[in-house]
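Student: Chain residues, written in single-letter form:
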Amino acid sequence: MAHAEAQQHPVVAHAEGQQHPIGIYLKIWGLLFVLSTASYLVDYFHFQGYLRWFLIIVFMLLKAGLIVAVFMHMLWERLALMYAILVPTVLLMVLLGIGALEADYTFFTRGVFFLKGLF
Amino acid sequence: MTQAIRTSTAGSLPLPEGIQGIVADWSSDQRAFKNVPWGKAMMWIFLLSDTFIFSCFLISYMTVRMSTTEPWPNPSEVFGLELFGKSIPLLLIAIMTFVLISSSGTMAMAVKFGYEKNRKMTFILLLCTAALGATFVGMQAFEWTKLILHEGIRPWGNPLGAAQFGSVFFMITGFHGTHVSIGVIFLLIVATKVIRGDLDHERPGFMTGRKGKYEIVEIMGLYWHFVDLVWVFIFAVFYLW
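Just so you know, the protein sequences line up as chains A and B, in that order.
Every number in my numbering is 7 more than the matching position in the first sequence, counting from 1.
Every number in my numbering is 885 more than the matching position in the second sequence, counting from 1.
Hint data in this document are derived by calculation from the structure and do not stem from the laboratory.
A few of these clues could be false.
The calculated BS3-like cross-link candidates involving lysine-lysine, where the alpha carbons are at most 27 Å apart (straight line), are [claimed, not checked]:
{"#": "1", "chain 1": "B", "residue 1": "K971", "chain 2": "B", "residue 2": "K1098"}
{"#": "2", "chain 1": "A", "residue 1": "K34", "chain 2": "B", "residue 2": "K1005"}
{"#": "3", "chain 1": "B", "residue 1": "K1096", "chain 2": "B", "residue 2": "K1002"}
{"#": "4", "chain 1": "B", "residue 1": "K1096", "chain 2": "B", "residue 2": "K1031"}
{"#": "5", "chain 1": "B", "residue 1": "K1005", "chain 2": "B", "residue 2": "K1096"}
{"#": "6", "chain 1": "B", "residue 1": "K1096", "chain 2": "A", "residue 2": "K34"}
Chain A extracted, bound-state conformation (with noise of 0.2 Å):
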C-alpha cells in the first residue's frame, strides 16, 4: 500500500499543482518591464490622440495578458475555469459602452444649460 501511495503521489501532485521552469518567469518578468518601458515612453514623448490610445491600450492588454495567462497560471487551467473567470470580464465591454454614451449626453446637456457659447 505504501508503494501505491508513493507511486500514486507525483500524478496527483502533477494534476493540482503548477510546476514550470523558473525561466519561463523571468521571460515574462522581463518582458513586463520592456511593455511598461514602452507605455511610459508613451507619455515622455507626448504622443496624442488616436496614436497614444492605440499605444496604451496595445500595452495595457499585453501585460495584463501576461500577468493573467503565466504568472497566474491560467494558459494551463482547463477551459471550464478559463471561460467561467473569462467570458463574464468580457461583457464588462457592456457596461464600458453604455457609460461612454452616457458620457457623451450629459457632456451635451451640461454644454447647452452652463456654457451656451460653447456650441
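Knowing the structure of chain A, use the given hints to seat chain B on it.
Tutor: Structure of chain B alone, referenced to chain A:
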C-alpha cells in the same frame, strides 16, 4: 486491505478537452473545476467579483471625466518629480509600476519553489514580495502627502481644474492601496507558515481544519498578481490618459 480507496478521481481518467471538456466538466457530479484545488477555484471567483468592483470604479471614472466641462488636470505634470532641477513627468508612478511588477516576478518564483518544497527559497521570495509591496504603499503615501499638502488636492475640489479629479483619484488609488496593504499582511502570514514548516507537516491553519499545503502559496500568488493587474489598468487609464 489490498487496495487503497481513492477519494480523488483527478489523474485517474483522461478528461475530455475542448468544448466537450467544458460540457463534461460543468455537467459532472461534485465539482466543475477539475485539477484545481478547492481554495484556488474560490480565489478565482473572489478575484472575478473584485474585477467587477474595480471595473465599476474605472468605468465611472471614464464617465465622469468624459462628461466634465472643466479642464482635467494634466496627470503627466501633477505626478511629475523634480530631479536635479529638472522636472521629469510621471517619474514616481513609473518607479511604482516597476516595483509592483518586480514583486509579481518574485511572487511567481515563490510559487514555483513552494511546489518544489524548497522552504527557504519560498520564504525569502515571499519576504521580497512583501518588502516590494510595502515599498509601493510607502511611495503611494508619499504621493498622497505631496498632492494633499503641496498641490491642495481634495476629494471635493482642487486648484488645478475639474473637482472630480480629486474624488476619483483618492477613491481608486485608495482602494488599490488598501488591496496592496492587505496583500502585504497576507504575504507575511503565508511566509510565516512556510518557514515554520506548517505546510511540510500539513498542520491545519487558523480557523480551518484543512491540512496546510503548498497550494496556499499559489492562492496567495493569485491575489498578489491580481493587485498588479489592477495597477496595469489604473496606470494606463488614469495616469497616461
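Student: All the hints need checking, so say for each whether the structure fits it.
Tutor: For each hint, the structure was consulted:
no., hint, result
1, K971/B with K1098/B, "violated (51 Å)"
2, K34/A with K1005/B, "holds (23 Å)"
3, K1096/B with K1002/B, "holds (15 Å)"
4, K1096/B with K1031/B, "violated (46 Å)"
5, K1005/B with K1096/B, "holds (20 Å)"
6, K1096/B with K34/A, "violated (34 Å)"
Comparing the model with each numbered hint stated earlier shows that hints 1, 4 and 6 do not hold.
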